[in-house]
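Working from the sequences, and respecting the hints, build out all of it.
Line by line, the protein sequences give chains A and B.
For the first sequence, the numbering used here gives the first residue as 1, with consecutive numbering after it.
For the second sequence, the numbering used here gives the first residue as 116, with consecutive numbering after it.
I should point out that these hints are in silico values taken from the structure, not numbers from a laboratory.
Where hints are given, some of them may not hold.
So these bits of chain A aren't anywhere near chain B, every CB distance computed over 12 Å [stated by the list, open to error]: (1) S12; (2) E15; (3) T20; (4) S28; (5) Q69; (6) A72; (7) S76; (8) K78; (9) L84.
One side of the interface only, derived from the structure: several residues of chain A facing chain B at Cβ under 8 Å [what the hints assert, rightly or not]: (10) Q44; (11) M45; (12) L47; (13) R50; (14) F91; (15) N102; (16) L103; (17) F105; (18) G108.
Yeah, the Cβ is synthetic: ideal placement off N, Cα and C, and Gly gets one too.
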Amino acid sequence: AQTVTQSQPEMSVQEAETVTLSCTYDTSESDYYLFWYKQPPSRQMILVIRQEAYKQQNATENRFSVNFQKAAKSFSLKISDSQLGDAAMYFCAYRSAAGANNLFFGTGTRLTVIP
Amino acid sequence: EAQVTQNPRYLITVTGKKLTVTCSQNMNHEYMSWYRQDPGLGLRQIYYSMNVEVTDKGDVPEGYKVSRKEKRNFPLILESPSPNQTSLYFCASSSPGLARYEQYFGPGTRLTVT
Numbered sequence: 001a002q003t004v005t006q007s008q009p010e011m012s013v014q015e016a017e018t019v020t021l022s023c024t025y026d027t028s029e030s031d032y033y034l035f036w037y038k039q040p041p042s043r044q045m046i047l048v049i050r051q052e053a054y055k056q057q058n059a060t061e062n063r064f065s066v067n068f069q070k071a072a073k074s075f076s077l078k079i080s081d082s083q084l085g086d087a088a089m090y091f092c093a094y095r096s097a098a099g100a101n102n103l104f105f106g107t108g109t110r111l112t113v114i115p
Numbered sequence: 116e117a118q119v120t121q122n123p124r125y126l127i128t129v130t131g132k133k134l135t136v137t138c139s140q141n142m143n144h145e146y147m148s149w150y151r152q153d154p155g156l157g158l159r160q161i162y163y164s165m166n167v168e169v170t171d172k173g174d175v176p177e178g179y180k181v182s183r184k185e186k187r188n189f190p191l192i193l194e195s196p197s198p199n200q201t202s203l204y205f206c207a208s209s210s211p212g213l214a215r216y217e218q219y220f221g222p223g224t225r226l227t228v229t
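Have a look at this one:
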């Protein structure tokens with residue numbers, strides 16, 4: 001099974017600053033999707049950004065962007081101009097492009113935003 | 116409004132008392148899944164279904180059952196709950212070809228087994 005590793009259990013950032021959350025994964029597949037999900041205190045899982053492995057261009061969604069390094073199997077999330085509402089647990093997730101409908105999640109990074 | 120609903124949202128029960136957590140989606144999605152979330156472990160898939168009457172085990176299926184008799188519903192059944200099934204449970208749905216298999220999650224069910 002694929003494994004997803006988030007090595008930073010907790011991170012903090014000053015409001016308006018930039019923070020990068022790390023994620024690495026292990027797979028032998030060449031085609032797959034990667035996701036970052038946000039889980040605020042409400043516990044709702046909210047999709048932040050997705051990346052298709054066949055695309056070399058890094059995905060961007062407003063203040064959120066990723067650094068996708070396929071050879072290194074790395075998928076970090078950069079949050080620019082951090083806001084208080086960004087405080088949450090962030091999960092990195094992997095999904096194969098073929099086969100079973102299964103998301104493999106990392107263990108999460110809790111982000112604190114300091115006013 | 117497109118959504119995945121779960122009921123109940125909170126449940127406290129005792130060991131051995133059968134329970135069912137319901138999940139329903141109104142997006143006509145083929146795929147549905149159940150995950151459990153535990154501190155330090157992230158989310159792990161329990162069971163999934165690729166269509167009506169088609170279900171399969173995920174990574175942590177022991178102690179759980181599911182059924183998919185209708186496309187919109189995917190209940191999770193705990194025949195004899197035990198304290199190690201105390202967790203936060205999420206139902207999710209998705210459809211191939213839409214938004215690169217993005218999964219839509221329900222609001223979660225907090226289960227405590229004493």
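Check: Closest CB-CB distance from S76 of chain A to chain B, is it above 12 Å?
Finding: holds (17 Å)
Checklist line | Hint check: 8 Å Cβ-Cβ cutoff, R50 of chain A to chain B | finding: Given a least distance of 6 Å, the restraint on R50 of chain A holds.
Notebook entry, point to check: Does the CB of F105 of chain A sit less than 8 Å away from some CB of chain B?
Noted result: This hint holds: F105 of chain A lies near chain B, its Cβ roughly 4 Å from the closest one there, short of 8 Å.
Check: Does the nearest C-beta of chain B fall within a distance shorter than 8 Å of the C-beta of M45 of chain A?
Finding: holds (4 Å)
Checklist line | Status of S28 of chain A, Cβ more than 12 Å from any chain B Cβ | finding: holds (18 Å)
Note to self: The hint names L47 of chain A as touching chain B; please verify it with the least Cβ-Cβ distance against 8 Å.
What the structure shows: holds (6 Å)
Note to self: Checking a non-interface call: every C-beta of chain B should be farther than 12 Å from the C-beta of A72 of chain A. Is that right?
What the structure shows: The claim stands: A72 of chain A keeps its Cβ more than 12 Å from every Cβ of chain B (closest is about 21 Å).
Notebook entry, point to check: Is the nearest CB of chain B more than 12 Å from the CB of K78 of chain A?
Noted result: holds (20 Å)
Note to self: Is the claim that S12 of chain A lies outside the interface with chain B correct, judged by CB distances over 12 Å?
What the structure shows: Per Cβ check, S12 of chain A is outside 12 Å of chain B; nearest 19 Å; holds.
Notebook entry, point to check: Was the hint right that G108 of chain A lines chain B, CB cutoff 8 Å?
Noted result: holds (6 Å)
Next item on the list: Return the status of the interface hint for F91 of chain A: holds when the least beta-carbon distance to chain B is below 8 Å, violated otherwise.
Entry: holds (6 Å)
Item checked: Interface hint status, N102 of chain A versus chain B (Cβ within 8 Å) -> holds (5 Å)
In this structure, every one of the numbered hints holds.
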